[in-house]
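Model the placement of chain B on the given structure of chain A, informed by the hints.
Chain order of the listed sequences is A and B. The first sequence maps to residues 256 to 723 in our numbering. The second sequence maps to residues 256 to 723 in our numbering.
Since the hints were derived computationally from the structure, they do not count as laboratory data. Source: prediction; values computed, not measured. Backbone N, C-alpha and C fix where the C-beta goes; we use that ideal spot for every residue, glycine too. Errors might be hidden in some of the hints.
Partner residues are not named here, just some residues of chain B that face chain A (Cβ under 8 Å, in silico) [as the list claims (entries may be wrong)]: (1) Val401; (2) Asp596; (3) Leu597; (4) Gly604.
With a straight-line cut-off of 20 Å between C-alpha atoms, the simulated EDC-like cross-links for lysine to aspartate or glutamate are [what the hints assert, rightly or not]: (5) Lys625/A with Glu319/B; (6) Lys625/A with Glu549/A; (7) Lys625/B with Glu319/A; (8) Lys625/A with Glu551/A.
There are 2 protein chains.
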Amino acid sequence: MTLTSADSHSGGPRTATVIAAIRHRLATRALGPGQRLPSIRALAAAMGVSPATVVEAYDRLAAEGVIRARRGSGFYVADSALPPLALAGSESRRPRAIDPFWVSRQSLDADVTTLTPGCGWLPATWMPQDALRRAIRSLARRDGPVLSDYGGTRGSAALRRVLQARLAGLGIDAFSEQLLLTASGTQAIDLICRMLLRPGDTVLVDDPCYFNFLALLRAHQARIVSVPMTSTGPDIAEFEAVLAAERPRLYITNSGLHNPTGATLSLQTAHRLLNAAAAHDMTIIEDDIYGDFEPEPSPRLAALDGLRRVILIGSFSKTLSASVRSGYIAARPDWIEPLIDLQIATGFGGPGQFAAETLAQVLTGGSYRKHIEELRVRLARARPRVAARLQRVGITPWLMPRGGFHLWCRLPEGCAATDIAQAALADDVVLAPGNVFSAAQSAGAMMRFNVAHCEDARIMAALERAMT
Amino acid sequence: MTLTSADSHSGGPRTATVIAAIRHRLATRALGPGQRLPSIRALAAAMGVSPATVVEAYDRLAAEGVIRARRGSGFYVADSALPPLALAGSESRRPRAIDPFWVSRQSLDADVTTLTPGCGWLPATWMPQDALRRAIRSLARRDGPVLSDYGGTRGSAALRRVLQARLAGLGIDAFSEQLLLTASGTQAIDLICRMLLRPGDTVLVDDPCYFNFLALLRAHQARIVSVPMTSTGPDIAEFEAVLAAERPRLYITNSGLHNPTGATLSLQTAHRLLNAAAAHDMTIIEDDIYGDFEPEPSPRLAALDGLRRVILIGSFSKTLSASVRSGYIAARPDWIEPLIDLQIATGFGGPGQFAAETLAQVLTGGSYRKHIEELRVRLARARPRVAARLQRVGITPWLMPRGGFHLWCRLPEGCAATDIAQAALADDVVLAPGNVFSAAQSAGAMMRFNVAHCEDARIMAALERAMT
Numbered sequence: 256m257t258l259t260s261a262d263s264h265s266g267g268p269r270t271a272t273v274i275a276a277i278r279h280r281l282a283t284r285a286l287g288p289g290q291r292l293p294s295i296r297a298l299a300a301a302m303g304v305s306p307a308t309v310v311e312a313y314d315r316l317a318a319e320g321v322i323r324a325r326r327g328s329g330f331y332v333a334d335s336a337l338p339p340l341a342l343a344g345s346e347s348r349r350p351r352a353i354d355p356f357w358v359s360r361q362s363l364d365a366d367v368t369t370l371t372p373g374c375g376w377l378p379a380t381w382m383p384q385d386a387l388r389r390a391i392r393s394l395a396r397r398d399g400p401v402l403s404d405y406g407g408t409r410g411s412a413a414l415r416r417v418l419q420a421r422l423a424g425l426g427i428d429a430f431s432e433q434l435l436l437t438a439s440g441t442q443a444i445d446l447i448c449r450m451l452l453r454p455g456d457t458v459l460v461d462d463p464c465y466f467n468f469l470a471l472l473r474a475h476q477a478r479i480v481s482v483p484m485t486s487t488g489p490d491i492a493e494f495e496a497v498l499a500a501e502r503p504r505l506y507i508t509n510s511g512l513h514n515p516t517g518a519t520l521s522l523q524t525a526h527r528l529l530n531a532a533a534a535h536d537m538t539i540i541e542d543d544i545y546g547d548f549e550p551e552p553s554p555r556l557a558a559l560d561g562l563r564r565v566i567l568i569g570s571f572s573k574t575l576s577a578s579v580r581s582g583y584i585a586a587r588p589d590w591i592e593p594l595i596d597l598q599i600a601t602g603f604g605g606p607g608q609f610a611a612e613t614l615a616q617v618l619t620g621g622s623y624r625k626h627i628e629e630l631r632v633r634l635a636r637a638r639p640r641v642a643a644r645l646q647r648v649g650i651t652p653w654l655m656p657r658g659g660f661h662l663w664c665r666l667p668e669g670c671a672a673t674d675i676a677q678a679a680l681a682d683d684v685v686l687a688p689g690n691v692f693s694a695a696q697s698a699g700a701m702m703r704f705n706v707a708h709c710e711d712a713r714i715m716a717a718l719e720r721a722m723t
Numbered sequence: 256m257t258l259t260s261a262d263s264h265s266g267g268p269r270t271a272t273v274i275a276a277i278r279h280r281l282a283t284r285a286l287g288p289g290q291r292l293p294s295i296r297a298l299a300a301a302m303g304v305s306p307a308t309v310v311e312a313y314d315r316l317a318a319e320g321v322i323r324a325r326r327g328s329g330f331y332v333a334d335s336a337l338p339p340l341a342l343a344g345s346e347s348r349r350p351r352a353i354d355p356f357w358v359s360r361q362s363l364d365a366d367v368t369t370l371t372p373g374c375g376w377l378p379a380t381w382m383p384q385d386a387l388r389r390a391i392r393s394l395a396r397r398d399g400p401v402l403s404d405y406g407g408t409r410g411s412a413a414l415r416r417v418l419q420a421r422l423a424g425l426g427i428d429a430f431s432e433q434l435l436l437t438a439s440g441t442q443a444i445d446l447i448c449r450m451l452l453r454p455g456d457t458v459l460v461d462d463p464c465y466f467n468f469l470a471l472l473r474a475h476q477a478r479i480v481s482v483p484m485t486s487t488g489p490d491i492a493e494f495e496a497v498l499a500a501e502r503p504r505l506y507i508t509n510s511g512l513h514n515p516t517g518a519t520l521s522l523q524t525a526h527r528l529l530n531a532a533a534a535h536d537m538t539i540i541e542d543d544i545y546g547d548f549e550p551e552p553s554p555r556l557a558a559l560d561g562l563r564r565v566i567l568i569g570s571f572s573k574t575l576s577a578s579v580r581s582g583y584i585a586a587r588p589d590w591i592e593p594l595i596d597l598q599i600a601t602g603f604g605g606p607g608q609f610a611a612e613t614l615a616q617v618l619t620g621g622s623y624r625k626h627i628e629e630l631r632v633r634l635a636r637a638r639p640r641v642a643a644r645l646q647r648v649g650i651t652p653w654l655m656p657r658g659g660f661h662l663w664c665r666l667p668e669g670c671a672a673t674d675i676a677q678a679a680l681a682d683d684v685v686l687a688p689g690n691v692f693s694a695a696q697s698a699g700a701m702m703r704f705n706v707a708h709c710e711d712a713r714i715m716a717a718l719e720r721a722m723t
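So here's chain A without its partners, still in its complex pose (with noise of 0.2 Å):
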């Protein structure tokens, strides 16, 4: 937003000229640092227009920081002129080493000249905008408590009424007791890992796995282990042998679509790793925030296990907004009371009301199952092009994935994937290489790909550069 636009919108046209009069005296130096304002009545009277008016553009020049009121002695000009905002471009370009962070900084920090195939969300164009609006514009229209009230400790009944209904669609049957809604996805994690984990805890996870997993563990002063990735889950034979040996508290992963891989999580690999979690006490948090992405949903681990030891959570920032935002997690009641505890001491609630409410709007609307239909075919469609282009410079998908936009991919033969983000952020093109994913720095010559951020060819003629 710019404060013209502000202005455009809420003043009137003598507002604006009020604002500009003033404007063109500051800048010709007629009115200087620390000088005093003509009085209201004085300026409205020369101007021809209302004291409210001149009040109206006096307290926007004074929100800007160009003026100052003094309490009963009128505005002056601001002393000195403010420190400017520095351009997000140069907030964003600190060199820095390639670690989880440097993905998830250059992808959110990118302006619209950056191409961003490394990042892990849609594009806006893909987003279903529209219901959005309206449901905006309908919460606008309710009662005053839903646009300035804390809300409720548990968050919206209205959204949890909708994600019981989905998770009764996924074969998990969750008491109302059992949600709760958070300010993110990966807030709804770290809760889980402040309630569960003390600095020194091992805790394991997918080799590959969601970068912002090892952030958050680190964070949390984990001891990372980790379990090789195979086309139908973590390998199932280590996982056990890893569980004897290394007795880790938690287990995080991603059961439906699992990110970076796409891998499917098979029923008898969910059977096995419950049975190996319940021998040695382990509980597991499963993320299934790509799970609308499915062509028809797989096996959920909270499903086999009924919520005992295992904690489900996710949000609608990959397939509804990233900025209208809540998340959620269903697990056991008994676990629930003290997450809502420490969600009111660490951030004294979780989503703001309004967000719960426009999310809840949406998802009862009817358009929504239609969104997500439309994205599985639209990416349906995008996997094998991109994968074919990528094929074409020697960068080969690990597997196709059945849903979502990630290709987990290996570069050519001699091709360190550090090397090619590094170079490929001169070219403005923000890349995922293959260790920020990795606990055993094991895919060095592994990147990551988001088919929806794929479609421009200055991408591929990038990586060429990049690779050679």
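Below, chain B alone, put in the same frame as chain A:
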């Protein structure tokens, strides 16, 4: 939100007719659990509506969990009724010790029949809802990214620009690199504690202090020490003695209007306090959340210190909206960098972009200053009125604050605040007993009242009943 209001808004009357027809068949058992619903084509023909109308009706019923879609084979009645959502009342009225969470949970989960003189926020009707509605509608018209994307790692540039101007008005010059938006004010403190504290570290608070500081510090396993509060800030001689004896790593306080006492830090105390902090290399978090309620700005530690060892945090939840939420941190630029990483690791970003841009729009609009003036006037009238009423039942304010909505009060001789809070809850009145604010448990005869929530005659009646 109810599903009914969502239906009536976004669907046409034909969709509602189809939904009603299906509900009737379910209620009369013409369609039982597990049975297949009529095909879309057949029902559309039978009811004289378009197939799209039936699809929309089925999608809504599926979103509610009443029916389920099976890919390729149509829609079926859900196998079993969903587990019912428990009523908000039964969720919130668990027996529980009176601790900081007791006040938070009872206040946040209060239903419409419950009175909350112990809560820490204003009634929804006191908030600038029209300005918020205008800003939301304006944002809903904007281009897609603001509705869908994560946004940059530091948060909305527009909101940070507003913050720069506000801080400059308090004598705090913060560069863009010194500002970070967070999901809430509490989360701002939490991130800073994650950066600075290790389990067992000593942290200093005021006695009394905002009760959630204590909950947060316990979540960090900090060792809490406290210094008695006076009407001009912490007892400075004791403050210096505690710093020398206990070597706290961190001090957390509100400077402008202190919570719960309403005290104002004097310039002299601020100066000595900062010198003591420098002598013992202690960091300070200054929570400015009540700053806008001051009739005129009092000294800010961050202004004296120049944001070197003082970190200023705040939010807009008390004056603008706790539903459309954002907090912020102003700190040394070399501290902002690790805080950005921590916020990515633990939440994948701060406030939703939509919320932050909405707040920026309200704050740059001309009406915010007027809103704040009106709040100040309204509260300046309410404070003595409520104080007089409390005094009539023997409850005496500890001091009469310059601004804000809290009155920190002493109960009549022999009254225990926790017993009174427990008894008042039976009359649907949520109070804030003194010891939840006191690390030293020195406030057993004190209670905090929110003057904006004290107009209902039932409150004084419940207090009198509970005190006898």
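Evaluation of the provided hints:
Hint status for valine 401/B relative to chain A: holds, with the closest Cβ pair at about 6 Å, below 8 Å. A cut of 8 Å between beta carbons decides the hint on aspartate 596/B: the least distance to chain A is about 5 Å, and the hint holds. Contact between leucine 597/B and chain A, as hinted, is supported at the beta carbon level, the nearest pair being about 6 Å apart and thus within 8 Å. Contact between glycine 604/B and chain A, as hinted, is supported at the beta carbon level, the nearest pair being about 7 Å apart and thus within 8 Å.
For the given pair, lysine 625/A sits about 16 Å from glutamate 319/B by alpha-carbon distance, which is consistent with the 20 Å threshold. Among the hinted pairs, lysine 625/A with glutamate 549/A is consistent with the structure: their alpha-carbon atoms are about 14 Å apart, no more than 20 Å. A hinted pair counts as satisfied when its Cα atoms are at most 20 Å apart, and lysine 625/B with glutamate 319/A qualifies at roughly 16 Å. A hinted pair counts as satisfied when its Cα atoms are at most 20 Å apart, and lysine 625/A with glutamate 551/A qualifies at roughly 15 Å.
Of the numbered hints listed earlier, not one is contradicted by the structure.
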